[in-house]
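Q: Sequence:
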Amino acid sequence: METKLLNKIISKLEKKEVSFDNGLSEKEVSGIEKIFNISFPEDLKLFLKSKLPVSNGFVHWRYGLNSEEGRKEINERLNWPLEGLLHSIKGGYFWFDKWETKPSDFQSQKNIVQQAFKSYPKLIPIYSHRYIPSIPKEVGNPVFSIHQADIIYYGNDLADYFSNEFKFEVPEKFGKVLSPKKINFWSDMVEGNV
-1 METKLLNKII SKLEKKEVSF DNGLSEKEVS GIEKIFNISF PEDLKLFLKS KLPVSNGFVH
59 WRYGLNSEEG RKEINERLNW PLEGLLHSIK GGYFWFDKWE TKPSDFQSQK NIVQQAFKSY
119 PKLIPIYSHR YIPSIPKEVG NPVFSIHQAD IIYYGNDLAD YFSNEFKFEV PEKFGKVLSP
179 KKINFWSDMV EGNV
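The sequence shown begins at -1 in my numbering and counts up by one.
Read the hints as simulated data drawn from the structure, not as lab findings.
Glycine residues also receive a C-beta, built at the ideal position from the N, C-alpha and C atoms.
Wrong hints could be hidden among the right ones.
[Stated by the list, open to error] The list that follows gives simulated cross-link-like pairs (lysine-lysine, DSS-like), each with its CA atoms no further than 27 Å apart: (1) LYS47 with LYS171; (2) LYS43 with LYS135; (3) LYS174 with LYS13; (4) LYS32 with LYS13.
[Stated by the list, open to error] Quick list of simulated restraints, FRET-style, between CB atoms: (5) GLU15 with LYS108: 38 to 48 Å; (6) VAL168 with PHE18: 34 to 44 Å; (7) ILE150 with GLU81: 11 to 21 Å.
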């Protein structure tokens, strides 16, 4: 994401009454990535280093870095996608066809899903139940809306996501990603929901 586009998005978010704190330092970013075992994609990292959104619904990364309660809150949000899928599986209305044959008992199902999750790109929460994949560690990853097994694209990239979530237009001069990048497992989940 170019600096001019980033500044335009922040300006538009401020007009939508999103509150910001000073951006994260490189040391804070490294600490967060280490504590939570995540890697921010480059555009999200640039955004968070520029200004840190602190309005309700956003992830309070600095709080998570500096407080046990904050760590707990962020870990809950990081675990939300897995917990949501497990809830759908336990309810009997979801099983991904690329996993092993579905066992009859929930504990065996849970073990399969937890093992499979280790190979999927970790999702990083942005706002509410919107997530961006940690890999590929580059600009332009799509943003997913995740509620249990109901998973959709909510933006073809970070700029498109903010535009959709907060109802503003990104000027055409910045270009637009026309289709989302394919992300292992998560894109399959979206395609299964269409």
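Q: Each hint: holds or not?
A: To see whether the hints hold, each was checked on the structure:
1. LYS47 with LYS171: With Cα atoms ~24 Å apart, LYS47 and LYS171 stay inside 27 Å; holds.
2. LYS43 with LYS135: holds, 10 Å
3. LYS174 with LYS13: holds, 21 Å
4. LYS32 with LYS13: violated, 33 Å
5. GLU15 with LYS108: 38 to 48 Å: holds, 41 Å
6. VAL168 with PHE18: 34 to 44 Å: Given a distance of about 18 Å, which is not inside 34 to 44 Å, the answer is violated.
7. ILE150 with GLU81: 11 to 21 Å: holds, 18 Å
Hint violations for this structure: numbers 4 and 6, all remaining hints satisfied.
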